[in-house]
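All chains should be modelled from the sequences, with the hints used to inform the complete structure.
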Amino acid sequence: MYAEFDLLTPAAVGGALDELAKVENEEDCMPLGGGTNLVVDLRARAVAPKVLISVGRLSGLRGIELGEGRVSMGGAVTVSEILRHPERSRFGPALIGAAQVFAGQMVRNTATIAGNICCGSPAADLVPPLLALDAVVRLECSAGSRELPLADYFTGYKSSVRKPNELLTRVWWPEPPAGSASLFYKLARRKGDAITVVGVAVSLARENGICTRARIALGAVAPVVERVRPAEAMLEGNALEPDLIEAAARAAAQQSSPIDDVRASGKYRRQQVFVLVRRLLSRAWRSLSEGDHP
Amino acid sequence: MSPSRTMTLAVNGRPRQVAVAANETLLETLRGMGAVEVKSGCEKGDCGACAVLLDGLAVDSCLCLTWTVAQRAVTTVKGLGTAADPHPLQTAFAERGAVQCGYCTPGFIIAAKSLLDNDTDDPGEDEIRYALSGNFCRCTGYNKILDAVTEAAQVLREEAGVQ
Chain F
1 MYAEFDLLTP AAVGGALDEL AKVENEEDCM PLGGGTNLVV DLRARAVAPK VLISVGRLSG
61 LRGIELGEGR VSMGGAVTVS EILRHPERSR FGPALIGAAQ VFAGQMVRNT ATIAGNICCG
121 SPAADLVPPL LALDAVVRLE CSAGSRELPL ADYFTGYKSS VRKPNELLTR VWWPEPPAGS
181 ASLFYKLARR KGDAITVVGV AVSLARENGI CTRARIALGA VAPVVERVRP AEAMLEGNAL
241 EPDLIEAAAR AAAQQSSPID DVRASGKYRR QQVFVLVRRL LSRAWRSLSE GDHP
Chain Y
1 MSPSRTMTLA VNGRPRQVAV AANETLLETL RGMGAVEVKS GCEKGDCGAC AVLLDGLAVD
61 SCLCLTWTVA QRAVTTVKGL GTAADPHPLQ TAFAERGAVQ CGYCTPGFII AAKSLLDNDT
121 DDPGEDEIRY ALSGNFCRCT GYNKILDAVT EAAQVLREEA GVQ
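Protein chains in written order, with our numbering: chain F, 1 to 294; chain Y, 1 to 163.
Please keep in mind that the hints were generated in silico from the structure rather than gathered at the bench. Honestly, I wouldn't trust all of these hints.
Here are the simulated DMTMM-like pairs of lysine to aspartate or glutamate, each with C-alpha atoms no more than 25 angstroms apart in a straight line [said to hold, decoys possible]: (1) F/Lys191 x Y/Asp147; (2) F/Lys191 x Y/Glu125; (3) Y/Lys44 x F/Asp41; (4) F/Lys267 x F/Glu246; (5) F/Lys22 x F/Glu147; (6) F/Lys158 x Y/Asp46; (7) F/Lys50 x Y/Glu24.
Some but not every residue of chain Y turned toward chain F, in silico, with C-beta under 10 angstroms [claimed, not checked]: (8) Pro3; (9) Ala22; (10) Glu43; (11) Gly45; (12) Cys50; (13) Ala51; (14) Leu54; (15) Asp60; (16) Ser61; (17) Thr68; (18) Ala70; (19) Leu115; (20) Asn118.
Note that the structure is a prediction, hence the values are computed from the model and not measured. Cβ coordinates follow ideal geometry from the N, Cα and C atoms, glycine included.
This is how it looks when you write it as structure tokens:
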């Protein structure tokens, strides 16, 4: 490769954080996870760090834990590890749905959950389901750690609250309870190995015929993957009649700000936000209704 | 300049000492070592021509920096079988006409091997399509490749049943 850089391969998370602590200029040093985005960017000269710190194989960043009502994944857990986990049915169907249509097999075997978040792409497929599941991210530096909702992580196109000396070490979310449902749909030119045109994740909880919790997250239709809070608020506290679902889907389309690009026009994307949000909310609600009346 | 160091890389079970620069991809290292059965296509993780097994899982070698795979087992399509003693996937690709120009074939066979070893030994058509969606073939139209993987899976199941 023509790009020139040094590559540090620390043996443990602490060593990686010590190296990151020395970083003065954000552009000079970047953590390397699976590399499925970063190596492409290096080759294209889209980024030109002097030093990479390899963290994708650190044992402290691997492993999926279930317990105390949480699903918790180390930052270096790969998309395939999510799909192959024997307890994957407890993670939330929206996340499994996104992982299944994530790139191609070789990329799924390499790409990490933290890398998909940190690359900051508006089309990152794991992010809409993680937002719909109320994921929390942990950022660690050599001086300590902090946790914040993933919904507060992104500040703009490919920018976030992560400081140059911080590493995204863990992602966790409440284990989806009985009486909840989540779904993801990726609209793309083909089913496999394609960049998302519109990604939609929804998550609903239902008690006594009323929607008690609603999440709607949109990918690839704004500078960042984002929730549609006005539409969520319309749904919570109500029975989801078709008119209400349609109004929420309209609100989602209105909030989206898609661009025209080689994959689709902005106008088409916005129309598909309406169609897909309506479809996924209807399906998720129906699956919960069927649970009410066995 | 990127620094360089000598490292041990085990390719197809044979450890070898090789000088590798920090910015070298596994694809570049392997081809430099003579493993030219690993093909270079898009060099951005779309086409799968460069696929190899890393500890038994298919990865795009164009996206792996070689320093990060020290101590891990690398298997290329040559590590699966030889002309005299081919792997059932290699036999099925040849017999089913799943090879035309042949450039994509090593990557397809590696991706199929990873599917059969790690996910299912009896894949349906959709499972094969999703597992091979990161491999591009511009000749065959894919149908013969799907046929070959289905047939090889059956042969492997029968062989496993015999043993």
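Going down the list of hints, with the structure as the test:
1. F/Lys191 x Y/Asp147: At roughly 20 angstroms apart (the allowed maximum being 25 angstroms), Y/Asp147 and F/Lys191 satisfy the hint.
2. F/Lys191 x Y/Glu125: Holds, at roughly 14 angstroms.
3. Y/Lys44 x F/Asp41: 9 angstroms, holds
4. F/Lys267 x F/Glu246: With a Cα-Cα distance of about 18 angstroms, the restraint between F/Lys267 and F/Glu246 holds, given a limit of 25 angstroms.
5. F/Lys22 x F/Glu147: 22 angstroms, holds
6. F/Lys158 x Y/Asp46: 22 angstroms, holds
7. F/Lys50 x Y/Glu24: 15 angstroms, holds
8. Pro3: With a minimum Cβ separation of about 6 angstroms from chain F (threshold 10 angstroms), the hint on Y/Pro3 holds.
9. Ala22: 4 angstroms, holds
10. Glu43: Constraint on Y/Glu43 satisfied, holds at 6 angstroms.
11. Gly45: 6 angstroms, holds
12. Cys50: 9 angstroms, holds
13. Ala51: 5 angstroms, holds
14. Leu54: 8 angstroms, holds
15. Asp60: For Y/Asp60, the interface hint holds, since the closest Cβ of chain F sits about 4 angstroms away, which is under 10 angstroms.
16. Ser61: 9 angstroms, holds
17. Thr68: This hint holds: Y/Thr68 lies near chain F, its Cβ roughly 5 angstroms from the closest one there, short of 10 angstroms.
18. Ala70: Result: holds, 8 angstroms to nearest chain F Cβ.
19. Leu115: 7 angstroms, holds
20. Asn118: 7 angstroms, holds
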